[in-house]
Every structure is written in C-alpha cells, then in structure tokens.
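**Q** This is what each chain is made of:
2 protein chains.
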Amino acid sequence: MMIRDLIIKNRTYRRFKQYVAVDRETLRELVDLGRLSASAANMQPLKYVLSCEPARNAVIFRHVGWAGYLRDWPGPAEGERPSAYIIILGDTEISEFTDCDHGIAAQSILLGAAERGLAGCMIGTVRRKELSAALEMPPRYKILLVLALGEPAESVALETVGPDGSIEYWRDAEDVHHVPKRPLDEVILEI
Amino acid sequence: MMIRDLIIKNRTYRRFKQYVAVDRETLRELVDLGRLSASAANMQPLKYVLSCEPARNAVIFRHVGWAGYLRDWPGPAEGERPSAYIIILGDTEISEFTDCDHGIAAQSILLGAAERGLAGCMIGTVRRKELSAALEMPPRYKILLVLALGEPAESVALETVGPDGSIEYWRDAEDVHHVPKRPLDEVILEI
Chain U
1 MMIRDLIIKN
11 RTYRRFKQYV
21 AVDRETLREL
31 VDLGRLSASA
41 ANMQPLKYVL
51 SCEPARNAVI
61 FRHVGWAGYL
71 RDWPGPAEGE
81 RPSAYIIILG
91 DTEISEFTDC
101 DHGIAAQSIL
111 LGAAERGLAG
121 CMIGTVRRKE
131 LSAALEMPPR
141 YKILLVLALG
151 EPAESVALET
161 VGPDGSIEYW
171 RDAEDVHHVP
181 KRPLDEVILE
191 I
Chain W
1 MMIRDLIIKN
11 RTYRRFKQYV
21 AVDRETLREL
31 VDLGRLSASA
41 ANMQPLKYVL
51 SCEPARNAVI
61 FRHVGWAGYL
71 RDWPGPAEGE
81 RPSAYIIILG
91 DTEISEFTDC
101 DHGIAAQSIL
111 LGAAERGLAG
121 CMIGTVRRKE
131 LSAALEMPPR
141 YKILLVLALG
151 EPAESVALET
161 VGPDGSIEYW
171 RDAEDVHHVP
181 KRPLDEVILE
191 I
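Chains as they are written, first to last, in this note's numbering: chain U, 1 to 191; chain W, 1 to 191.
Honestly, I wouldn't trust all of these hints.
Said to hold, decoys possible - Simulated crosslink set (BS3-like; lysine-lysine; CA at most 25 Å straight-line):
#, chain 1, residue 1, chain 2, residue 2
1, U, Lys-181, W, Lys-142
2, U, Lys-9, W, Lys-142
3, U, Lys-142, U, Lys-129
Just so you know, these hints were derived from the structure itself, not from any lab.
Owing to the predicted nature of the structure, the values given are computational and were not obtained by experimental measurement.
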C-alpha cells in the first residue's frame, strides 16, 4: 500500500467493535513504531502506558472527551467503545520539553493501526490530573495524548471544506461521519 | 512496503545530493499528505511554505541549526545541503494552539518523502524572527518546524542505546551516522 492510501485510510474513528479485543502484543508493536520515529534532539522523552483490559479501559474512558462538534453525542455508547488505549506520556526526568514528539509518534502508531485494519482517535481532551491519579501514575510523567484504538464500527467520509468555510465534522442522517479538510491551495502559502 | 519498514527507512538525514533537484509538484504532493492527516479539533491551522529554488534554499539554510551533538560539524557543506524545504507554519488567525499538529503532519510528509527515495530532517532549531523577516512572512504566521529535504548522501545506522545510556547520535570513522534509540521495554511503562 502506498503511504498516501494509508494516510487516507487512517481517519479518526470514535466508534468501535468494543468486544473485539486488541491484544497487548499488538499494542507493543504499535508503540515500537513510535519508538522508531524521530524525536527532537533524539531525547526520546516519550513513555507509553498500554491498556487492553476492560477494567482499565473503563477507567480511561471516564476521563477523556469525545467529538466536541457533535454537541448531542456524549461519546461512544457501551458496546462501541475502544477496546484498547495507548497513553502517551512525557517523562519530565528526561526532558520538560517534548515539542511535537507525541504528534510524530502518534501518527506512526495510528498508521500502523490502520495497516492492521484497526482504527483510532488521538484524544487531547483528557482530565489529566484525575486520570493520572486513577492510574497511580508517578508525578514525573505528564499525559500528552490518549490514543483510543479498536476495530472501526462507523463510516468516515473525507471531504473538502465547503463554501461556508466550516471545518466542523458532522454526521448525516445515515450516521456517516463527514470531515471537511481545507484544500491544498489554501494551505500552501505563496510568499 | 509495510509501514514499519518505511518508518525504519525514514531516518533523519542531514547530508544530501544538493544538485539533484526536488520539484515543486513533489513538494505539493508531500504537503497534501500533511493536509490529509489528523488535526486537533480538525482546526487545520497549519500552513506550508515551499522552497526548491537555490536562492530561497540558501536563505532558509542560513537560519537553521544542525545536529547539536556533532560539536565539530557546523552542518552540511556546499554540495551536500538540502535541495528543498517545507516550512510548517501555524496560522494564528485560525488558532493560537497547534498542539502537536505539526508533528503529525511532519511525520506524514517525511514518510512520503522516504517512500519516494528522498530523505529529510525535521529542524526545530530555527532563528524564527530572522527567517520570517527574510521571507517577508506576515506576522500572523509562526514558524513551527522547518523540514529539509533532498536525496540522501549519507549512511544512517539505527541502534539501541548502549550501557552508557547516551542518546546522542554520533559519527564513526567511516562517516556513518549512528542513532541510539531506547529499547521498547524501557519506553513502555508498566503501571
């Protein structure tokens, strides 16, 4: 598969086949893709917490936010929640500064997931203090991103931003999730 | 090619075949991979400036820093400099907050470059004010990352961090660039 096809396949999914497990070895292989990716000054301050057990998944689920633009949708219902998570942490004893390392790693991980037929969501809306406490996380680690993972159970359509200029994703009557992307000529700055 | 192979192939390169051009259409295709990648709240605040002309390349080159750990190496010499750049900007009129969007986009772009036999370097050491002024960049844009691109002209060896624990990359007597990565069991936190 060409990387472009994989990047297009790798949409953000928020509804999953919750009872189709993702095993720990798969999560380790995905983290390895992050590990092998670029890191500012090669410091590698990222650490990863894995979750593929229903009890831990439930704890994580309680502390993350879903799909801000879907105002009538509180997030995936029981049965369509993620079957695994990878929490990306910054190890402040290595570096206080992670710049965009977590973005680089998250993209590698989600491309690996897409290649395996899995899907995910990079979640930045996290009740960090509460989740750290719930997982008894030592204070040296700060939560950067939570990656939700599972087998996808929704359809996502990639589109170009329309004449109204809105970038808000939305769901149609058939429950398809639409994502408007700015056109290429708008994001390339001619200076 | 499996994504893991492409991620491994996608090492940071700092020496290039400077006189092998990278054309503007290739840069546009690479930016498109960033455009199609995830963005926090789908805001898509990133903008991109392209450079594949020697004069503009020279301006950009003057304002970026290279390989902090190679203390005796001031950066690529004439003839081994990048033949193109993509500057990733945050458009503050869209959002003041880009979180790790530039990391996500940069990884997509560099994976696309690696697939094409190109290589690159994500550069965070940038004299931002001076480069913005040199390119007459409107003040609404802030420079997040500079991606250097070209055909690679060096060998890079991926390794595991040794007993001394050093993560500093180094060059051996044969001029091979070695990059120590932390082992998988060290980056997965067992909590």
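**Q** All hints are to be evaluated individually against the structure, with a verdict given for each.
**A** Hint by hint, here is what the structure shows:
1. U:Lys-181 <-> W:Lys-142: holds, 21 Å
2. U:Lys-9 <-> W:Lys-142: violated, 30 Å
3. U:Lys-142 <-> U:Lys-129: The given pair, whose Cα atoms are some 9 Å apart, holds under the 25 Å limit.
Hint 2 from the earlier list is the only one contradicted by this structure; the remaining hints agree with it.
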